[in-house]
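Protein chains: 2
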Amino acid sequence: MYAERIANLKSSAIRDILKHMSRPGMIAFAGGSPAPELFPVAEIAVACEQVLSKYGPTALQYSITEGLVVLREKLVSKLAANGLGMSTDNVIITQGSQQALDLISKLFIDKDSLVFTENPSYLGALQAFRMFQARIAAIPSDSHGIDVEALRKQLRVERPKFLYIMPNFQNPTGVTYSLERRKALVAAAIEHDLLIVEDDPYGELIFEGERLPSLFALAKGKNVIYLSSFSKTIAPGFRVAYTAGDAEMLKKMVIAKQGSDLQTNTFGQYIVNEYLESGHYQTSIDVIRDTYRGRRDAMIAAMEQEFPSALAWNRPSGGMFLWVTLPTRWDAKEILERCLEQNVAFVPGQEFFPDGSGRNTLRMNFSSPSLGNIGEGVKRMGKVLKEIRG
Amino acid sequence: MYAERIANLKSSAIRDILKHMSRPGMIAFAGGSPAPELFPVAEIAVACEQVLSKYGPTALQYSITEGLVVLREKLVSKLAANGLGMSTDNVIITQGSQQALDLISKLFIDKDSLVFTENPSYLGALQAFRMFQARIAAIPSDSHGIDVEALRKQLRVERPKFLYIMPNFQNPTGVTYSLERRKALVAAAIEHDLLIVEDDPYGELIFEGERLPSLFALAKGKNVIYLSSFSKTIAPGFRVAYTAGDAEMLKKMVIAKQGSDLQTNTFGQYIVNEYLESGHYQTSIDVIRDTYRGRRDAMIAAMEQEFPSALAWNRPSGGMFLWVTLPTRWDAKEILERCLEQNVAFVPGQEFFPDGSGRNTLRMNFSSPSLGNIGEGVKRMGKVLKEIRG
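Those sequence lines, one after another, are chains L and A.
Take 169 as the starting number for the first sequence in the numbering used here and just add one per residue.
Take 169 as the starting number for the second sequence in the numbering used here and just add one per residue.
Certain hints may be false.
Intra- or inter-copy, both count: the list cannot distinguish identical chains.
[Stated by the list, open to error] List time: in silico BS3-like cross-link candidates among lysine-lysine, alpha-carbon distance up to 30 angstroms:
1) K420 x K178
2) K501 x K420
3) K420 x K547
4) K178 x K388
5) K351 x K419
6) K551 x K390
7) K419 x K388
8) K279 x K242
9) K246 x K187
10) K419 x K279
11) K420 x K551
12) K279 x K551
13) K187 x K420
14) K246 x K321
15) K419 x K187
16) K279 x K420
17) K390 x K351
18) K419 x K551
19) K178 x K279
Hint data in this document are derived by calculation from the structure and do not stem from the laboratory.
Based on the provided sequences and hints, a complete structural model is requested.
In structure tokens, the structure reads:
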């Protein structure tokens, strides 16, 4: 009765872990949410008023599938600031970046089509590609991004529909591609005519150092589809994200979007547009950066104190996550069970690996918990970890 | 490079016609929008304030894929009023009903899977099913709905994944299923274990007579997936709709939705929920019904006066559309070209017919144009129609 693609369908393990999160006293490093206390609630209230008084019923009516022109014009300016000369034909609004992944799957993936990803990769992307029965091949990645030589080697063997990457403060690892790696990857993409899907939800949440150019900018828009979102920089509840890329390809994405949901919610788009016009955006980003940087530092300081020395972790220079590597034989899932008993949670890393490796890895979220909870939660984890005999 | 499904992809002809609609002086009977002047803008402004002061950042944060529990509880009560004993496990929120059609396609349609529809049928549904490469077979329909005998006969030949119907004030025809037809269809569905997708965006917009039970209610929830929406009863811009049905099947839809867009926008769901609590809903529906009834009557009165007697049309007892049948050899597309020159537009019917028939039919929307424009627009159409020599 069900379609073939449904046979192997499974719910995200993360969503299953999240069920425990409402338990009283639980400290969650398992989530992937931005800090709600930083949402600009008062400014959004003003934006709602403004939108309804300026646009009236138009803000509540159907609107075009591509997304509001005024909002897309602002995104064109944003791209222009990165040296990209584009028009509103090069930008569409999607229902979160997750929808862009669904639409890209619709456009490119037949049953058994090959898709390349990082190893590990973003779970929501894997879920979207698997829904269309893609065959996923993970390209080895290190602390500066995907291994371009390994990619070139693989490209000589088989040709994927596209390579999906998240080059800034990756979910799950927090890894950021170096400038050198970006340039090498763009060169390889152009040489092999490889399409890159560049997912950049966290790029603006940079804590230190220089913001590196997107692959989309480096490639001058060629061979790259660029996804970004207002979910982490304003609030996720509006589901307003955008995709930039080749105009002809976006036209097809728009037709696919017609059948998928007609359009992204009009009111949310107007609110985001109004908020951007209010000038609060940059101030608010600065506050988010400062807060998350403080939380990352607190988490690392606590880990240095509480975690056994056999563990290793990175120090992401932005975003919401850091990545912990346990000794080879340890199993993060088993450790999670014990941690849940101590009312602290993280996400075991294995599910993020298309090749099934990574049993001894885990993802820690530092954007949501308070400084106090970070200290206490890491202490609880440390207690469990110290009891493990490898 | 693109997936196979993209090869035959085409944009909706309706969306192409809508491009002409911004021309000055154009009178559009081609749209499918509710009347914006009836949107409860002031009440929505209050709801926004209330939502932000009651729920604060929670209203802007990620929320569960199934949809807000408070909103789903209200929908469960609504279903209970129709004699259906259900829980929140039987209802999910979707990004418009269009997304429900996408998710149902994901759940059931493999390449070349068979789907039954009415003839004509809703274009957005055809688009969603075709994106998943369904084979669509149209079952003959008359002025009381689908021909159940023809359906039974077809079921003996081949088995579809489901039958898609819109039994109240159908888009495009305005046809409503009689009670007898509903009962016969439910009996056939149970006997043949046929799944029915019942799409009901317009059911509450009834102008006269008794509101008939849904197939979902008649079948006590068995064999039927029920879709409805707040797009036509509050406003489309929030993209808040819902699907009711078997809990196990909805669980799979939820997993499919995770990969499609994670969730429907949180803020829009809270606003709809708050508006429902405000008690304005029923009053507002009464105003919508009165207004649309008046516009339908005005359109029919004008058509009786202005259209040649060789044309026939129906008198829908609700909804937003009526249906015109031209003499057999006339071509509605050609007539549209001439009408556009006179600054009046409608939608030619042929595209709604999966079997390619219906060249001599057209859809008229009476929910959006003002009474004055209805009179003037029908007069312009009448002038063109009178010049046609069949």
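A quick look at each hint next to the structure:
1. In this homomeric assembly, K420 and K178 come within 30 angstroms of each other (Cα to Cα) both inside a single copy, at 29 angstroms, and across copies, at 9 angstroms.
2. Taking the closest pair of Cα atoms, K501 and K420 come within 30 angstroms of each other only across two copies (25 angstroms); inside a single copy the shortest separation is 41 angstroms, beyond that limit.
3. With identical chains, the CA atoms of K420 and K547 are never at most 30 angstroms apart, being 51 angstroms at best within one copy and 38 angstroms at best between copies.
4. Taking the shortest Cα distances, K178 and K388 sit within 30 angstroms of each other only across copies (29 angstroms), while inside one copy they are farther apart (38 angstroms).
5. In this homomeric assembly, K351 and K419 come within 30 angstroms of each other (Cα to Cα) only inside a single copy, at 28 angstroms, whereas the closest approach across copies is 43 angstroms.
6. Taking the shortest alpha-carbon separations for K551 and K390, neither the intra-copy value of 50 angstroms nor the inter-copy value of 52 angstroms comes in at or below 30 angstroms.
7. In this assembly of identical chains, K419 and K388 lie within 30 angstroms of each other by CA distance solely inside one copy; the values are 19 angstroms within and 43 angstroms between copies.
8. For the identical chains of this complex, K279 and K242 are neighbours neither inside a copy (37 angstroms) nor across copies (40 angstroms), given an alpha-carbon limit of 30 angstroms.
9. In the homo-oligomer, the alpha carbons of K246 and K187 lie at most 30 angstroms apart only across protomers (28 angstroms), although the nearest pairing inside one protomer, at 38 angstroms, exceeds that limit.
10. For the identical chains of this complex, K419 and K279 are neighbours both inside a copy (23 angstroms) and across copies (23 angstroms), given an alpha-carbon limit of 30 angstroms.
11. Taking the shortest alpha-carbon separations for K420 and K551, neither the intra-copy value of 53 angstroms nor the inter-copy value of 38 angstroms comes in at or below 30 angstroms.
12. When the C-alpha separation of K279 and K551 is checked against a cutoff of 30 angstroms, the pair qualifies neither within a copy, at 46 angstroms, nor between copies, at 53 angstroms.
13. Taking CA atoms no more than 30 angstroms apart as the test, K187 paired with K420 passes between copies only; the shortest distance there is 17 angstroms, against 38 angstroms inside one copy.
14. In this assembly of identical chains, the alpha carbons of K246 and K321 never lie at most 30 angstroms apart, being 35 angstroms within a copy and 59 angstroms across copies at closest.
15. In this assembly of identical chains, K419 and K187 lie within 30 angstroms of each other by CA distance solely across copies; the values are 15 angstroms between and 39 angstroms within a copy.
16. Taking the shortest alpha-carbon separations for K279 and K420, both the intra-copy value of 19 angstroms and the inter-copy value of 20 angstroms come in at or below 30 angstroms.
17. Taking identical chains as interchangeable, the C-alpha atoms of K390 and K351 lie at most 30 angstroms apart only when both belong to the same chain, with a minimum of 13 angstroms there against 57 angstroms between chains.
18. Neither within a single protomer nor between protomers do K419 and K551 lie at most 30 angstroms apart by alpha-carbon distance, with minima of 54 angstroms and 37 angstroms respectively.
19. For the identical chains of this complex, K178 and K279 are neighbours both inside a copy (18 angstroms) and across copies (21 angstroms), given an alpha-carbon limit of 30 angstroms.
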